[in-house]
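Asks: Top line first, the protein sequences correspond to chains A and B. Here the UniProt record's numbering is used: position 227 in the first sequence is 227, and no number is missing along the way. Here the UniProt record's numbering is used: position 154 in the second sequence is 154, and no number is missing along the way.
Since the hints were made in silico from the structure, they are not lab data. Source: prediction; values computed, not measured. Just so it is clear, CB atoms sit at the ideal spot from N, CA and C, and this is done for glycine as well. Don't take each hint at face value.
[To be verified] Here are the computed distance ranges between Cβ atoms for each label pair: (1) D243(A) - S115(B): 38 to 46 Å; (2) S130(A) - A116(B): 29 to 37 Å; (3) D230(A) - K184(B): 38 to 46 Å; (4) K176(A) - V248(B): 49 to 57 Å; (5) M1(B) - D243(A): 40 to 48 Å; (6) L255(B) - Y2(A): 30 to 38 Å; (7) A116(B) - S59(A): 19 to 27 Å; (8) T10(A) - G194(B): 32 to 40 Å; (9) K184(B) - E169(A): 46 to 54 Å; (10) E72(A) - F123(B): 16 to 24 Å.
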Amino acid sequence: MYAIELKNLTKQYGAERGIIDVNIAIEQGEIFGFIGPNGAGKSTTIRTLLGLIKPTSGSATIFGKNSVQHPEVRKEVGYLPSEVFYYDNMRVVDLLKYSASFYKKDCNKRIQELAKVLDLDLKKKINDLSFGNKKKVGIVQGLLHEPKLIILDEPTSGLDPLMQQRFFELIEAENKKGATVFFSSHILSEVQRLCDRVAFIKKGKIIQLERMSVLKEHSYKRVVIETKTDVDKDVFALDGVSDLKQAGNSVSFIYKGNINVITEKLAQLELINLSVEDPDLEEIFLHYYEKEG
Amino acid sequence: MNMYVHELRSLRKSSFIWAFALVALAALYLSLYPGVAKDVTAFKELISGYPPTVRALLGINLERLSTLLGFYPMVFSFIVLCGAVQSMQLGLSILSKEMSERTADFLLVKPVSRSAIVTSKVFAALTMILLIDIVFFAALIGLLQVIDVGAFDRQLFFLINVTLVFIQLIFFALGLAISVFFRKLKAVLPITLGVVIGFYMLFALFGKDRGELFRFFSPFQYFDVGYILDHGTLEWPYLLATAVVFLVCLVISYLVFTRKDIDAI
Numbered sequence: 001m002y003a004i005e006l007k008n009l010t011k012q013y014g015a016e017r018g019i020i021d022v023n024i025a026i027e028q029g030e031i032f033g034f035i036g037p038n039g040a041g042k043s044t045t046i047r048t049l050l051g052l053i054k055p056t057s058g059s060a061t062i063f064g065k066n067s068v069q070h071p072e073v074r075k076e077v078g079y080l081p082s083e084v085f086y087y088d089n090m091r092v093v094d095l096l097k098y099s100a101s102f103y104k105k106d107c108n109k110r111i112q113e114l115a116k117v118l119d120l121d122l123k124k125k126i127n128d129l130s131f132g133n134k135k136k137v138g139i140v141q142g143l144l145h146e147p148k149l150i151i152l153d154e155p156t157s158g159l160d161p162l163m164q165q166r167f168f169e170l171i172e173a174e175n176k177k178g179a180t181v182f183f184s185s186h187i188l189s190e191v192q193r194l195c196d197r198v199a200f201i202k203k204g205k206i207i208q209l210e211r212m213s214v215l216k217e218h219s220y221k222r223v224v225i226e227t228k229t230d231v232d233k234d235v236f237a238l239d240g241v242s243d244l245k246q247a248g249n250s251v252s253f254i255y256k257g258n259i260n261v262i263t264e265k266l267a268q269l270e271l272i273n274l275s276v277e278d279p280d281l282e283e284i285f286l287h288y289y290e291k292e293g
Numbered sequence: 001m002n003m004y005v006h007e008l009r010s011l012r013k014s015s016f017i018w019a020f021a022l023v024a025l026a027a028l029y030l031s032l033y034p035g036v037a038k039d040v041t042a043f044k045e046l047i048s049g050y051p052p053t054v055r056a057l058l059g060i061n062l063e064r065l066s067t068l069l070g071f072y073p074m075v076f077s078f079i080v081l082c083g084a085v086q087s088m089q090l091g092l093s094i095l096s097k098e099m100s101e102r103t104a105d106f107l108l109v110k111p112v113s114r115s116a117i118v119t120s121k122v123f124a125a126l127t128m129i130l131l132i133d134i135v136f137f138a139a140l141i142g143l144l145q146v147i148d149v150g151a152f153d154r155q156l157f158f159l160i161n162v163t164l165v166f167i168q169l170i171f172f173a174l175g176l177a178i179s180v181f182f183r184k185l186k187a188v189l190p191i192t193l194g195v196v197i198g199f200y201m202l203f204a205l206f207g208k209d210r211g212e213l214f215r216f217f218s219p220f221q222y223f224d225v226g227y228i229l230d231h232g233t234l235e236w237p238y239l240l241a242t243a244v245v246f247l248v249c250l251v252i253s254y255l256v257f258t259r260k261d262i263d264a265i
């Protein structure tokens, strides 16, 4: 049984695009990254999964169950929305207790623990919290019942780097205990760090779904060279070359394919400098983004 | 149960203020009664100068004016108006506030069905409406001990006041049913005042002239104080109409809210 299974999930808002034919199956215990620019359909996908909006067609299940027909399956779900809003005139601790009351287990100890790790003052009123502190309330609220599935929608916005670090540690610890994590973000480096697999969504469609290790090792290379003389433009007109930039006698591009082909090309040039690096996910993603767009 | 308690808590302050307002309003008007009773003829003369529609609107019956039960409908017509505003506002906001205050992402992903959410909220709202009315009625009885009003038929007096609950039920349910059709309802007060005053104008402008069928569309005319005083009972068809309006609105609310898309911010 998959932790999350989306089958041909489609949501249309009238003539507007929502998401089209999204297919994702997430194994239990996995950390799954969901990457795309703003407005690509990440939140729409998550909201459909949680039953906040209903799909036009297709299906979305959590541990094999539709969350609208079987709301009890949400007991296993912790959700951190991208923007957190709570009942303003409640105290943090009261809100968290209210949240805990839905799960029918004692979460007090857990609340104290999480608040300590995140340095959150439980006695304050929600109203008086800064954006970052509200986000912390969101994190505690999402984790206090030790859910088996954690759904994060742009979780790190508003958190300072130290808190981001602690947050990632929390998520990693939960994952080690067996929790599945569905992590949506447009910041690619954070996904790169945590995830086992990653799906790219763009304009409502999944354009790529790959293992992180494959993605990283797929011999994408960022090549930067400097040459003694100007290089002919057509030299690098090869299959697998993208993001080609040329300024005078310095050239940079991303290469995907057989390394030998490109080293052969480079050998024909008289180089002053050469660097070959693994591009970060951002570059790989932008590469997709440009190609598919 | 947790949702019910949570709602009660979040409603207690506003409900207290409404109850206080109703009591204050009644106290203000009733304090005038001993003076009126002393000089009935002058007061009758003054009131008879009002156009008949205004008199009907205020529930004034010239012959009865000298008794408490004749005078009280004047007070009560304002109480009912306030009660309608209070309950409609409550109906409009109790579900929609989760969307307008953006807390839906919290509540609606909890392991409870949407119909359970509606049920808890409706029960909490009805509890508050009843509490307001009980407090109001108790305070009213207290007031009548303090103010010298002479003897009056307590059963009839109770019957008049009970109609407040029915009017509130109608407007609460109406508000609830209207609210579920909005994606994000922010203009709670304008809609409340528009609808309540709209119905009140319907009552004021057309009165009873339009016949029995028309009365069904004008909730403020469901419970005619004159009829209650003459017959010692409520009019059953309109009591039934109250139940029908209430139930139909509730069913609409459930059906629409459980199927509704909760859009991101």
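Asks: For every hint, state whether the structure bears it out.
Replies: So, going through the hints one by one against the coordinates:
Take D243(A) and S115(B): their Cβ atoms lie about 53 Å apart, and the range 38 to 46 Å is violated. Judged by the Cβ atoms, the range 29 to 37 Å given for S130(A) and A116(B) holds: they are separated by roughly 34 Å. Distance hint check: the CB atoms of D230(A) and K184(B) are about 59 Å apart, inconsistent with the given range 38 to 46 Å. The supplied range of 49 to 57 Å is met by K176(A) and V248(B), whose beta-carbon atoms lie about 54 Å from each other.
For M1(B) and D243(A), the hinted distance range of 40 to 48 Å is not satisfied, since their beta carbons lie about 59 Å from each other. At about 32 Å, the beta-carbon gap between L255(B) and Y2(A) stays in the expected band of 30 to 38 Å. For A116(B) and S59(A), the Cβ-Cβ distance of about 23 Å falls inside the hinted range of 19 to 27 Å, so the restraint holds. One distance hint, 32 to 40 Å for the beta-carbon pair T10(A) and G194(B), holds here, with the actual separation near 39 Å.
At about 37 Å, the CB distance of K184(B) to E169(A) disagrees with the hint of 46 to 54 Å. Taken as a hint, the range 16 to 24 Å holds for the pair E72(A) and F123(B), whose Cβ atoms sit roughly 21 Å apart.
Of the numbered hints stated above, those contradicted by the structure are hints 1, 3, 5 and 9, listed in ascending order.
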